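Enquirer: Here is what each chain is made of, one letter per residue.
Number of protein chains: 2
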Amino acid sequence: MDNFKFYSPTEFIFGKDVEQEVGKRLKQENVTKVLFHYGGGSIKRNGLYDTVIKSLNEENIDFVELGGVKPNPIDGLVYDGIELCRKESVDFILAVGGGSVIDSAKAIAAGVKYDGDFWDFFDHKTTVKEALPVGVILTIPAAGSEGSSAAVITKEDEGLKRGMGSDLLRPVFSFSNPELTYSLPMWHTAAGIVDMMAHIFERYITKSENVVLTDRLLESTLVSIMEAARVIITDPENYEARATICWAGTIAHNGILGVGREEEWTTHGLEHELSALYDMTHGAGLAVMFPAYMMYTLNEDIDRYYRLATEVFGVPHDYEHKERVAEEGIVRLVGFFNEIGMPTSLEEADAKKEDIPKLIEKLKINKGESFGNFTTLTLDDARAIYELASEEE
Amino acid sequence: MDNFKFYSPTEFIFGKDVEQEVGKRLKQENVTKVLFHYGGGSIKRNGLYDTVIKSLNEENIDFVELGGVKPNPIDGLVYDGIELCRKESVDFILAVGGGSVIDSAKAIAAGVKYDGDFWDFFDHKTTVKEALPVGVILTIPAAGSEGSSAAVITKEDEGLKRGMGSDLLRPVFSFSNPELTYSLPMWHTAAGIVDMMAHIFERYITKSENVVLTDRLLESTLVSIMEAARVIITDPENYEARATICWAGTIAHNGILGVGREEEWTTHGLEHELSALYDMTHGAGLAVMFPAYMMYTLNEDIDRYYRLATEVFGVPHDYEHKERVAEEGIVRLVGFFNEIGMPTSLEEADAKKEDIPKLIEKLKINKGESFGNFTTLTLDDARAIYELASEEE
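Heads up: the sequence lines are chains Z and R, in that order. Take any residue in the first sequence, note its place counting from 1, add 574, and you have its number in the working numbering. Take any residue in the second sequence, note its place counting from 1, add 574, and you have its number in the working numbering.
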């Protein structure tokens with residue numbers, strides 16, 4: 575187990591109807607003026623927008639609104655948000671939505687308190703020294719941004735999708751009501767499920783040794799996610815399954831399951847080029863890239879993949895044929911992704927094999943000539959993984 | 575899954591040599607004067623006392639000392655600590671030790687900021703509204719107090735051992751270096767292991783339904799604890815096993831494994847009477863009381879005990895004989911406790927069957943005529959459980 579720091583100060587408020595208390599919770603923070611930040615029309619259609627407005631008004635909390643965050647949130651709206659917060663002397667940002675809204679809120683929160691261009695954080699030219707506090711009402715369990723230090727923003731002009739992180743950006747509070755996810759289309763539910771599973775894989779498929787406790791916690795969470803996903807397919811209003819998915823998405827990325835381990839974000843990096851080029855749903859891109867990455871790196875640590883296969887996917891033990899067992903685990907992962915309606919090849923995700931050179935070009939800008947810690951990948955390796963992802967069977 | 579709030583703002587700093595940074599970490603808190611609170615001579619013998627003094631001096635941090643905390647910490651020293659903090663204008667308490675030291679620190683932290691008698695918190699006459707911040711260097715993985723909101727203090731004159739909790743008492747930071755536990759005698763190591771397992775049982779043996787994710791997380795932690803314990807018996811300086819125990823002890827009680835579940839603290843209550851009457855090590859008392867409680871309540875929820883037996887203790891499935899399987903799980907738990915040198919009957923723990931009326935008398939004062947939520951126990955039930963615990967086989 576490696577030395578670690580773990581710091582997750584977010585207050586998680588979870589369950590039925592909890593979002594109705596958001597005004598009261600904000601009152602505790604002694605806010606002067608709130609930026610109510612959200613995405614498209616879904617929160618207006620499902621009544622959450624009205625719930626929030628009512629709760630803010632009941633507590634006489636002054637606020638301004640900024641909607642319009644898109645999936646793969648863009649820099650343009652972040653600049654707008656920073657300007658609005660400064661003009662209106664906003665001292666708290668309430669993000670109501672999924673990871674895109676929360677990430678946009680975090681970027682604004684850091685940008686407001688920074689004299690330079692907020693993109694400097696994503697260029698890793700500087701780190702966050704101060705930020706507005708952010709609170710969350712979560713509507714899409716997926717990115718785990720409600721409990722994480724991370725944010726990912728796309729610089730639209732250049733097609734660059736990049737992440738950064740700071741403990742100062744961990745939300746102060748996070749409301750999550752599983753019932754709010756009943757109306758989420760299966761596509762978004764499934765993409766969110768892939769995203770949280772990917773957050774676990776990035777912690778699980780590493781070279782860290784002697785981390786049996788977190789190995790088991792990661793495996794337990796994966797098994798629970800898949801079990802709940804299979805319930806939701808036929809019963810989208812099953813509270814318990816939705817609750818499992820909501821909470822699993824949070825713990826998959828707030829750090830608790832990865833303490834003392836290396837983390838490996840290579841597959842996320844490979845996927846970011848897909849979602850930047852095609853505006854692809856992040857989870858769909860991960861469903862395409864993860865099996866390909868796993869197959870390509872199988873022999874890097876056959877025991878790790880063997881353990882994944884047996885402990886998570888229920889492949890029977892066969893120590894004489896470890897590689898076969900390990901591969902069968904990946905085959906079952908692909909089967910699961912298909913079962914929940916996710917694409918598992920570039921073509922199924924409406925991406926094109928002939929665009930691979932473009933992906934590699936952007937990858938070179940974002941990640942350099944080589945990257946990764948489970949194994950070091952060159953750009954040639956990355957090309958081979960994209961090619962593996964494009965082979966329709 | 576029940577609605578829940580989960581809030582664990584403690585910064586956990588974990589691994590080799592981390593305690594050397596305590597001065598730097600305190601500096602971040604802008605402290606004026608620190609109370610350095612500890613127990614007996616063990617930290618002087620193993621060098622930790624000197625490490626702390628050196629680190630405080632390097633950062634020019636002003637401090638006063640208060641040692642002498644005993645296992646089952648008593649009210650007398652808490653009063654001394656409160657007086658000392660007021661006299662010396664202390665604004666931060668650094669607890670260096672195990673649960674007893676940390677609990678004593680928490681009681682002082684709350685007491686300093688309260689005009690009345692600090693015991694009012696433990697009498698549940700009032701709740702904590704304000705407290706000094708507390709930081710921790712953990713030396714005994716057991717109570718989980720380094721990450722919890724709870725504290726337990728014994729009122730010496732009346733032999734009352736009581737607990738209370740407040741999120742204001744969650745430590746600001748907690749250092750844990752598994753190497754510091756190498757020199758811990760096996761008895762204390764084992765008692766700590768029982769304590770953390772008990773914290774898991776109090777969350778696991780409940781009537782909460784549809785909590786499969788936390789069921790699995792709890793089971794994973796139990797399995798990992800027992801596996802590591804068996805390594806430590808023969809190899810007390812095995813870093814990885816010690817690290818597993820240290821971190822498991824923290825997550826067993828900071829709340830993360832119990833979200834959305836009922837909690838059941840009845841067995842802790844039954845044990846508190848033992849440690850109050852005999853000054854028994856808390857973990858040893860729990861090793862005596864838990865199997866008895868489980869056996870007595872077996873038919874309250876046979877499926878729960880069946881699951882415990884099969885998932886944690888590896889008892890083979892036999893749906894035709896659920897009760898036998900469930901009982902076998904408890905038998906294996908007793909076996910494990912014996913394996914690590916813990917007593918599993920009153921007599922083995924130097925307690926006497928004829929004292930049961932005294933235990934019941936105190937229990938009545940502390941818990942009333944009936945208590946519990948997994949099942950409601952009367953004082954007659956409690957008597958039967960103590961009697962069950964006294965049957966030597």
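What the hints contain is simulated information worked out from the structure, not anything from laboratory work. Fair warning: this is a prediction, and the values are worked out from it, not measured in the lab. We put the beta carbon where it would ideally sit given N, CA and C, even for glycine. Some hints could be false.
[Unchecked claim] Cut-off 27 Å, straight-line C-alpha distance, at most; resulting in silico cross-link-like pairs (DSSO-like, lysine-lysine):
1. R/K896 with Z/K590
2. R/K598 with Z/K703
3. Z/K703 with R/K729
4. Z/K703 with Z/K781
5. Z/K644 with Z/K579
6. R/K598 with R/K729
7. Z/K579 with R/K699
8. Z/K781 with R/K601
9. Z/K579 with R/K781
10. R/K699 with Z/K598
11. R/K729 with Z/K579
12. R/K781 with R/K896
13. R/K687 with Z/K598
14. R/K781 with R/K579
15. R/K781 with Z/K590
16. Z/K607 with R/K579
17. Z/K699 with R/K598
[Said to hold, decoys possible] Stretch by stretch, here's where chain Z covers chain R in the computed footprint (C-beta under 8 Å, at least three residues):
18. 715-724
19. 810-819
20. 865-878
[Unchecked claim] From the structure, some residues in chain R lie toward chain Z, with a derived Cβ separation under 10 Å:
21. M575
22. L734
23. Y756
24. T795
25. G888
26. P890
27. H891
28. G915
Enquirer: Hint by hint, note whether the structure agrees.
Expert: Checked hints:
1. With a CA separation close to 35 Å, the supplied pair R/K896 and Z/K590 exceeds the 27 Å bound.
2. Distance restraint check for R/K598 and Z/K703: the Cα-Cα separation of roughly 18 Å lies within the 27 Å cut-off, and the hinted pair is therefore satisfied.
3. Taking the CA atoms of Z/K703 and R/K729, the gap is about 46 Å. The hint is violated against a cut of 27 Å.
4. The straight-line distance between the Cα atoms of Z/K703 and Z/K781 is roughly 32 Å, outside the 27 Å bound, and the hint therefore fails.
5. Distance restraint check for Z/K644 and Z/K579: the Cα-Cα separation of roughly 33 Å exceeds the 27 Å cut-off, and the hinted pair is therefore not satisfied.
6. Note on R/K598 and R/K729: the hinted pairing is violated, with a Cα-Cα distance of about 36 Å set against a maximum of 27 Å.
7. Of the pairs offered as hints, the one joining Z/K579 and R/K699 is violated, with about 37 Å between alpha carbons and a cut-off of 27 Å exceeded.
8. Note on Z/K781 and R/K601: the hinted pairing is violated, with a Cα-Cα distance of about 35 Å set against a maximum of 27 Å.
9. Taken as a hint, the Z/K579 and R/K781 pair is broken in the structure, with Cα atoms around 34 Å apart against an allowance of 27 Å.
10. Taking the CA atoms of R/K699 and Z/K598, the gap is near 26 Å; set against the 27 Å cutoff, the hint holds.
11. Of the pairs offered as hints, the one joining R/K729 and Z/K579 is violated, with about 36 Å between alpha carbons and a cut-off of 27 Å exceeded.
12. Annotation: proposed proximity of R/K781 to R/K896 holds, straight-line Cα distance about 18 Å (limit 27 Å).
13. The hinted pair formed by R/K687 and Z/K598 meets the criterion: a straight-line CA distance of about 26 Å does not exceed 27 Å.
14. With a C-alpha separation of about 19 Å, the suggested pair R/K781 and R/K579 falls inside the 27 Å cut-off, and the hint holds.
15. Proximity of R/K781 to Z/K590 is assessed by CA-CA distance (about 19 Å); at most 27 Å being required, the pair is judged to hold.
16. Taking the CA atoms of Z/K607 and R/K579, the gap is about 25 Å. The hint holds against a cut of 27 Å.
17. Annotation: proposed proximity of Z/K699 to R/K598 holds, straight-line Cα distance about 26 Å (limit 27 Å).
18. For the region 715-724 of chain R, the stated coverage by chain Z is violated: 0 residues have a C-beta nearer than 8 Å to a C-beta of that chain, whereas at least 3 were required.
19. Coverage of a stretch by a chain is defined here by at least three residues with a beta carbon nearer than 8 Å to that chain's beta carbons; for the region 810-819 of chain R and chain Z the count is 4, and the condition holds.
20. Interface restraint, the region 865-878 of chain R with chain Z: violated (0 residues with C-beta to C-beta distance below 8 Å; minimum three).
21. For R/M575, the interface hint holds, since its Cβ comes within 10 Å of a Cβ in chain Z; the closest pair sits about 4 Å apart.
22. Against a cut-off of 10 Å between C-beta atoms, the interface hint on R/L734 is violated, since the closest Cβ of chain Z lies about 33 Å away.
23. For R/Y756, the shortest C-beta to C-beta distance to chain Z is roughly 15 Å, which exceeds 10 Å, and the interface hint is violated.
24. With a cut of 10 Å, the hint placing R/T795 at the interface with chain Z holds, because the nearest CB-to-CB distance is about 7 Å.
25. With its C-beta approaching chain Z no nearer than about 14 Å, R/G888 sits outside the 10 Å limit, and its interface hint is violated.
26. Among the interface hints, the one on R/P890 is violated; its C-beta lies about 16 Å from the nearest C-beta in chain Z, farther than the 10 Å criterion.
27. Annotation: R/H891 was flagged as interfacial toward chain Z, and the flag is violated, the nearest CB pair being 15 Å apart, outside 10 Å.
28. Proximity of R/G915 to chain Z is violated relative to the hint, the smallest CB-CB distance being about 23 Å (cut-off 10 Å).
Against the hints set out earlier in the document, violations occur for numbers 1, 3, 4, 5, 6, 7, 8, 9, 11, 18, 20, 22, 23, 25, 26, 27, 28.
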